[in-house]
Amino acid sequence: MTKTSDRYLPLIGVAGLILFWYVGYWVKIVDPVLLPPPHAAAMALWKGMAGGNLYSDFLVTVYRTLAAISIAAVIAIPLGILLGANERLYRSVEFVIDFFRSTPASAMFPLFLVIFGVGDRTKIFVAAFGAMLVILFNVAYGVMNARKTRILAAKIMGASNWRIMKDVVLMESLPQTFVGLRNGISLALVIVVVAEMFIGSVNGIGNRVFTAQQMFEMPDMYAAIFAAGALGYGMNIVFLMIEKSYVHWSGK
Amino acid sequence: MTMTAPLDVVSAPVCLGPGPDGSPSAHITVRGLHKQFNGTVIYENFDLDIPRGKFVSVFGPNGCGKSTLINLISGLIPIDSGQVRFDGKTLAQTKIGYVFQNYREALFPWMTAFENIVYALLLRKVARPEAEERVHKLVTHLGVKIDLKLYPYMMSGGQQQLVSIMRALIIEPEVLFLDEPFSALDYEMTLFMREQLQRIFEETGTTMVLVSHDLEEAVYLADYVLLLTRRPGRIAAYPLVDIPRPRNDATLADKDFVLLKASCLEIFQREVRRG
Ligand SMILES: Nc1ncnc2c1ncn2[C@@H]1O[C@H](COP(=O)(O)OP(=O)(O)O)[C@@H](O)[C@H]1O
Ligand SMILES: [Mg+2]
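Just so you know, the protein sequences line up as chains X and U, in that order. Per the working numbering, the first sequence starts with residue 7, numbered consecutively. Per the working numbering, the second sequence starts with residue 112, numbered consecutively.
Excised from the complex, chain X in its bound form (with noise of 0.2 Å):
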């Protein structure tokens, strides 16, 4: 039994962090220029996200982040089904999958840039390589271990290896695809932000960042860190809410 006072435990964590944080500031554990008191980093959160330029980057990685795993999902999902469902091509390009899905993204950065140049492709690009990794491991691993039982009773009931496929095998891998989509956004969140400091980047929470601190404008720069952060729990969120409704029987 859980009390309805439980629900609120999680705040005891945020109110300590911002406790903290106070205490830091106020005994000068680091030059108060670096750790700007917390009420200065809300400010600048608010003031940045109402129609200031964090907004504006804000929406912008966003974008970037949801067109890359909208490309990686397009191209993960039905080649993941694929080499789902033909182990023995699975087993024959099962090493180059994890080898790359092992390789930090980033170390991809230089050779995308080679080939896309510095806009917005070079950036949603890595992002979706990464994330479409992800995607495609996890969809061919669902499709690899539909439960036999399920597919020997459509099987019985007289299914053809077609309908077999698509009403059973398919609908088993679900749950797994959206553990894949789920690791491959917050991968794509990160691969883009990191993309939007290095990459003669304009614009972007990845950037605010980064011109933030090189500016030594610090409740900025910590403004777009919780941007950042509120982003990655947020699309977390919806993702498991789309989840809950779509693959209900999931973990059941």
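Because the hints were derived from the structure by calculation, they are not lab data. Fair warning: this is a prediction, and the values are worked out from it, not measured in the lab. Worth double-checking, as some hints may not be accurate.
Below, a list of computed lysine-lysine pairs in the DSS-like style, where the Cα atoms sit at most 25 Å apart [unchecked claim]:
no.	chain 1	residue 1	chain 2	residue 2
1	U	K256	X	K258
2	X	K9	X	K161
3	X	K258	X	K172
4	U	K236	U	K206
5	U	K236	X	K172
6	X	K258	X	K161
7	X	K172	U	K206
8	X	K154	X	K258
9	U	K260	X	K172
10	X	K161	U	K236
11	U	K236	X	K154
12	U	K256	X	K161
13	U	K260	X	K258
14	U	K366	X	K161
Covered stretches of chain U (in silico footprint by chain X; criterion: 3 or more residues with CB under 8 Å from a CB of chain X, positions within the stretch not fixed) [said to hold, decoys possible]:
no.	stretch
15	176-190
16	213-219
17	225-237
Some chain X residues judged to face chain U by a derived CB distance under 10 Å, without partners named [as the list claims (entries may be wrong)]:
no.	residue
18	R153
19	L158
20	K161
21	S166
22	M177
23	E178
24	I248
25	K250
26	H254
27	S256
28	K258
Think of the CB as a built atom: it goes at the ideal place given N, C-alpha and C, for glycine as much as any other residue.
For chain X, the structure is supplied; the task is to place chain U with the ligands on it using the hints.
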């Protein structure tokens, strides 16, 4: 009951023929069946008759090949060689139903219970309105009191297995195979489901083949008990259960029932010891 000879199957010569005692007319005939798994012979030149419209329980030592037998007959796993016929027809020409032990992994959790049953008809190219109509009819016919709008994972194990059985029955199969359908349920639910299955059998008259690891259940439900030997599987005995239906709690204490169960147990233990 008349004073017939006691059901003395123990002293009967082993393996008279492929059919059960009393040679009723065969629905399923298995001839010269061979099956091995990685060199382990499960069936070798195996013959079996399953009578029409009867309830056959398959019982035998653990791992002797009970599940394998019904999986071979129902085509879930390929036979190495031999022949299986349903009234002379091949499997492809025959509508069969199959109820899995693991109901959790047999129903489709993305569909409601109702849709699960409808789906079996849609696969048989029945139009949706008619399919739904037929499911409603079956529900009424069987007197099932479950909310079929629920998803399987919202139901108890027994309810899920009942849905599985309805899904198998809705296409009006000639034969219904059940592989230990109640073994994952608690005792109370098992007793309840036994009654349900008995009623469904009496209502539909479908030929049923049940694999069970519970001798009491096997005998209680059956018209014939198919007792198998250890691997390679042969028929140890195939006695008639000559006890009127509907059977009930009193049946469990019935003298004939107790005697038959005891002799089946003796054969079973002889087979277990032989290994
Ligand atoms: N797919 C398989 N591959 C290899 N061995 C199997 C397979 N299925 C069953 N067996 C073996 O065949 C024997 C009979 O299995 P089964 O029919 O499941 O026994 P049971 O009588 O308990 O239902 C067992 O020894 C089992 O290990
Ligand atoms: Mg078994």
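These are the hints, each one checked on the structure:
no.	hint	result
1	U:K256 / X:K258	23 Å, holds
2	X:K9 / X:K161	48 Å, violated
3	X:K258 / X:K172	21 Å, holds
4	U:K236 / U:K206	13 Å, holds
5	U:K236 / X:K172	16 Å, holds
6	X:K258 / X:K161	23 Å, holds
7	X:K172 / U:K206	23 Å, holds
8	X:K154 / X:K258	17 Å, holds
9	U:K260 / X:K172	23 Å, holds
10	X:K161 / U:K236	15 Å, holds
11	U:K236 / X:K154	24 Å, holds
12	U:K256 / X:K161	28 Å, violated
13	U:K260 / X:K258	17 Å, holds
14	U:K366 / X:K161	43 Å, violated
15	176-190	holds (count 3)
16	213-219	holds (count 5)
17	225-237	holds (count 4)
18	R153	5 Å, holds
19	L158	6 Å, holds
20	K161	8 Å, holds
21	S166	9 Å, holds
22	M177	5 Å, holds
23	E178	9 Å, holds
24	I248	15 Å, violated
25	K250	13 Å, violated
26	H254	7 Å, holds
27	S256	9 Å, holds
28	K258	4 Å, holds
Going down the numbered hints, you'll see the structure goes against 2, 12, 14, 24 and 25, while the others check out.
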